[in-house]
Amino acid sequence: MRDRFRSSIKKLEAYLPWYVNQTLTAAASQKVTQGLQENPELNHSLQEWETVQRLVKKQPLLQPSPAVQERLMTRARACNLPQRNTIPLWFGRVWGMTLAITVLLFLWMILQPGVQLQWSVNQAQIAAFNIYRAPTGSADFALLYASTDPPQAREYRFVDTAPWNGRAHSYRIVALGAEGQRLFSNEVMTGAHTALPGQLAVILTSIIIGYGAVTLIENWPTPPRRYRIC
Amino acid sequence: MTDNMLQPLSDVVLLQCISEGKEAAFEEFYQRYSVPVFNYLVRLTHDNGVAEELLQDVFLVIWQDSGAFRGHASVKTWLFRIAHHRAVSWLRQRPGNTQSDFENLSVTDITTDPEGQIIEAWTAKQIRAALDSLSSKHRAVLELAFFHDLPYTEIAQVIQCPVGTVKSRVSYARRCLLQYLKKQGLSEL
Chain A
1 MRDRFRSSIK KLEAYLPWYV NQTLTAAASQ KVTQGLQENP ELNHSLQEWE TVQRLVKKQP
61 LLQPSPAVQE RLMTRARACN LPQRNTIPLW FGRVWGMTLA ITVLLFLWMI LQPGVQLQWS
121 VNQAQIAAFN IYRAPTGSAD FALLYASTDP PQAREYRFVD TAPWNGRAHS YRIVALGAEG
181 QRLFSNEVMT GAHTALPGQL AVILTSIIIG YGAVTLIENW PTPPRRYRIC
Chain B
231 MTDNMLQPLS DVVLLQCISE GKEAAFEEFY QRYSVPVFNY LVRLTHDNGV AEELLQDVFL
291 VIWQDSGAFR GHASVKTWLF RIAHHRAVSW LRQRPGNTQS DFENLSVTDI TTDPEGQIIE
351 AWTAKQIRAA LDSLSSKHRA VLELAFFHDL PYTEIAQVIQ CPVGTVKSRV SYARRCLLQY
411 LKKQGLSEL
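These protein sequences, in sequence, are chains A and B.
Numbering of the first sequence is given in our numbering, commencing with residue 1 and proceeding in unit increments.
Numbering of the second sequence is given in our numbering, commencing with residue 231 and proceeding in unit increments.
Source of the hints: derived by calculation from the structure; they are not laboratory data.
Even glycine gets a Cβ: it sits at the ideal position worked out from N, Cα and C.
Careful: at least some of the hints might be erroneous.
As the list claims (entries may be wrong) - Here are some chain B residues the structure puts well away from chain A; computed CB gaps all over 10 Å:
1) 286
2) 321
3) 354
Unchecked claim - Heads up, simulated DSSO-like pairs for lysine-lysine below, C-alpha to C-alpha not over 27 Å straight-line:
4) B:367 <-> A:11
5) A:58 <-> B:306
6) A:31 <-> B:397
7) B:412 <-> A:10
8) A:58 <-> B:397
9) A:58 <-> B:252
10) A:58 <-> B:367
Input sequences plus hints: build the corresponding full structure.
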């Protein structure tokens with residue numbers, strides 16, 4: 001109980017400097033006023049703070065010499081005139097985000113980061129391929145892609161560009177004949193993180209490009225000059 | 231835009247005008263803040279000449295970079311933050327302890343009684359010595375709190391420290407200041 005009382009007094013005491021300079025919020029100020037009435041020992045601290053304020057305020061107010069302003073204006077004129085950044089802040093951010101999303105979609109489409117499946121066939125007359133996917137260890141295969149009328153070739157390729165979800169998958173490729181009969185099928189297993197490096201690279205590249213665009217817009221047309229003195 | 235027209239403009243609008251390269255706005259801004267910033271710099275650096283140089287640097291930053299003000303703090307806080315930053319940089323880089331230039335400053339004396347003048351001058355000197363005995367980081371919070379009347383949250387933004395640090399520094403400064411004055415026999419001030 002006594003500890004709690006002491007801690008509340010200490011809390012009030014910490015507010016005293018700002019009670020003295022009158023910058024506390026109305027609620028905090030009222031709390032301190034009430035505390036001062038209830039705890040007379042705080043009045044001693046208050047008096048000390050008032051003394052400190054008086055001493056600090058008592059210091060003479062010095063004026064810089066008029067030559068300082070003249071020198072300053074000469075230096076300011078010698079620097080490049082500041083140019084106003086006319087592009088609003090929100091525009092830069094929206095532009096950066098739009099660019100990042102566009103780049104992401106573009107790269108995703110072109111580079112196709114994901115799990116790549118490749119297979120070859122010796123048999124002709126394949127009318128379609130069905131590709132199924134299931135989490136590794138599960139027999140619950142779901143149709144992922146169906147290609148009708150594939151080009152007659154020996155080598156085939158398919159990329160599963162679904163975003164990485166941290167799970168390993170098994171893929172089943174089924175070749176169908178002209179009448180829909182199953183000619184052959186093959187199953188392949190992939191690791192949980194096969195798709196991760198490629199997808200991560202594409203996402204990071206898009207973010208970097210978007211961020212670069214925001215920085216460029218925010219500093220347009222002047223380069224960053226923070227704290228640079230000429 | 232004339233100076234008379236600029237008089238009632240808010241700090242933010244003035245900064246906007248400065249970012250457009252308007253010299254009149256810059257001069258108005260200088261008139262408004264040069265004295266408080268100069269006093270702050272003098273009390274941290276203890277050197278009038280250095281404070282004048284730093285004052286120019288601070289206002290040149292404003293001239294060049296007023297567009298960087300995003301309104302997260304008040305203009306006054308932002309200005310003092312730049313001034314504090316420059317003063318601290320100078321204090322870190324200075325070659326050694328410099329002689330205080332306070333004695334050379336012209337201070338208008340308002341007392342007419344010669345004996346009163348002497349006592350007043352002696353007391354003022356003791357107070358100055360007491361304040362000068364504080365380290366710059368403790369002096370800074372004391373000046374910002376009691377000379378410039380900033381709330382503790384803004385002081386924290388100026389000196390870029392947590393609020394708790396501001397509170398502990400100001401408490402420590404008070405203790406040191408009062409102890410010093412007590413030793414000089416000025417406890418009744």
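Here's how the hints hold up against the structure:
no.	hint	verdict
1	286	5 Å, violated
2	321	16 Å, holds
3	354	7 Å, violated
4	B:367 <-> A:11	23 Å, holds
5	A:58 <-> B:306	22 Å, holds
6	A:31 <-> B:397	18 Å, holds
7	B:412 <-> A:10	24 Å, holds
8	A:58 <-> B:397	22 Å, holds
9	A:58 <-> B:252	36 Å, violated
10	A:58 <-> B:367	20 Å, holds
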